[in-house]
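Below are the chains, spelled out letter by letter.
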Amino acid sequence: MIVHTIFFYFFSVIAIFSSLMVITSRSTINSVFFLILDFISVGCLFIMVGAEFLGMILLIVYVGAVAVLFLFVVMMLNVAEQKQSWFIGKKSTHIPTGLIVSVLILLELLVVVGGWRYKEDLMSSSSLLISNISNTHQIGLVMYTDYILYFQIAGIVLLLSMIGAILLTFRERVGVKKQSYINQISRNPSTAVELKEVKSNQGVKIDD
Amino acid sequence: MIEYLQILGQEIYKIIFLLVPILVSVAMIVWLDRRVWGLVQKRRGPNVVGPFGIFQTLADALKYIFKEIIIPASANKVVFILAPIVTMTLALVAWAVIPMSKDLVLSDINVGILYLFAVSSLGVYGIIMGGWASNSKYPFLGAIRSAAQMVSYEVSIGIIIINVLICVGSLNLNDIVIAQTDLWYVIPLFPMFVIFFISALAETNRPPFDLPEAEAELVAGYQTEYSGMMYAMFWLGEYANILLMCAMGSILFLGGWLPIMDIYPLNLIPGPLWMIVKILFLFLLFALIKAIVPRYRYDQLMRLGWKIFLPLSLIYLVLTASFLFYFDKLPKVNI
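Chains as they are written, first to last, in our numbering: chain A, 7 to 214; chain B, 45 to 379.
Source of the hints: derived by calculation from the structure; they are not laboratory data. Keep in mind that this is a model prediction, so the values were computed, not measured. There may be inaccurate statements among the hints.
Subject to a maximum C-alpha distance of 16 Å in a straight line, what follows is the list of computed EDC-like cross-link-like pairs (lysine to aspartate or glutamate) [what the hints assert, rightly or not]: (1) A:Lys183 - B:Glu261; (2) B:Lys334 - B:Asp254; (3) A:Lys211 - A:Glu200; (4) B:Lys373 - B:Asp254; (5) A:Lys184 - B:Glu112; (6) B:Lys376 - B:Asp219.
Construct all of the structure, not just a fragment, from the sequences and the given hints.
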């Protein structure tokens, strides 16, 4: 158990430290790197409580895909260096907004965690039945039977948001040449080459 | 406390016995790659150092160790140094779950295939960090290309893995191998095997998809500013990743450590040997393709990934699932 505790504190200290560094570090790139470190250590914490499927999915989805896009955006937009740190700058408009949001989240957490203890017949980790089924199977058994409707609705919401994002950024550009593979392959010399008479001092007009 | 130390010692002992063979085989595989490349082009390839030139890679590694590490003045030093370390570590760390036989595996975890997938999707970071930290145009362009390429092809690799998983019913790598005792998945899922192989080429930045380091356009891509040992680490990590992809292919489709047929002389050969033979077979394909196929253009590469491989593997997934459902062959979970 001691080793387990040591590892727990190791990962949670890293998680808290890196989440603090996300909001305090001056370079945006470093913030994203600390965010990745945060995701990884939270994933390790998930694995330590036995939820190996959730931990791995967290790594694949957040670290493998979402954070890569964050890095992309930050690198492309070139917002690498912030001139002043948020706690030093005098007239920062971010602090009140951030404070309101974080106070709200804190209140929500208090309500949830407080209400949790007074709800009757709520499943808690102490009353869990330890079974032989791996938790991947267990999640599947619950998600695709009892909660299939919610699962599908979530999928459709994600699909809609994807289509919305594509529509928002899509613009049709005129005058762009496109390559048609079928046309290219089906060309042959008899249709591709055209002989023209060129009159002296007049030239020819070639359409493309 | 002493018990824990003993366990720790044993684990470290095991890890070293895993890492040393991998590093040696990476060195050998580099030599093999160059030899095959040479033979295809009617050259001899490296044949001077040691018998058949086997020690060529060791000589190269020695040269790299004694070269000076140059860090560009405008580079972000921490990230610049971290990038090759991340690449190398991630390439080696994935080997912890690869089963060489039923018992010969460092950690036999429940979600082995997810672990492999997660670690290979983290591989992007080494490249993107290296490219950005160099603070130079070619490495940055190479890194952006490479990251986009790896993220795109991961999607189709993920769906191919799901294809195999609905036939197996477990995420454990040993279970995946055992489920192939009667029939290797390369036969029913042959189109998926082909797509997996091509996606693996793109995922490891191998020719014909080596656009991140296309030397005609980008000098050496994200490795341009690296020198000495740091370049060698990128290079080792790349080859360790290639070996890992070959191991993944042989576990998912070629029956891992199982013999070709379970008949008398063949099943005397131990499992690890079969596994090595299969990895080598896939690697020979990798090496041959490097030598004979010209490089893709970048938009063609993206088109191939998103417009052809992704729909094909999704369609095949639906086909596999309906076949299994209709003939009542879905894997049973013992609850």
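Going down the list of hints, with the structure as the test:
1. For the given pair, Lys183 of chain A sits about 22 Å from Glu261 of chain B by alpha-carbon distance, which is inconsistent with the 16 Å threshold.
2. Between the alpha carbons of Lys334 of chain B and Asp254 of chain B the distance comes to roughly 9 Å, so the proposed pair stays at or under 16 Å and holds.
3. Distance check on the hinted pair: Lys211 of chain A and Glu200 of chain A sit about 13 Å apart at the alpha-carbon level, within 16 Å; holds.
4. Note on Lys373 of chain B and Asp254 of chain B: the hinted pairing is violated, with a Cα-Cα distance of about 40 Å set against a maximum of 16 Å.
5. Straight-line distance between C-alpha atoms of Lys184 of chain A and Glu112 of chain B comes to about 47 Å, which puts the hinted pair past the 16 Å bound.
6. Straight-line distance between C-alpha atoms of Lys376 of chain B and Asp219 of chain B comes to about 13 Å, which keeps the hinted pair within the 16 Å bound.
In summary, the numbered hints that this structure violates are 1, 4 and 5.
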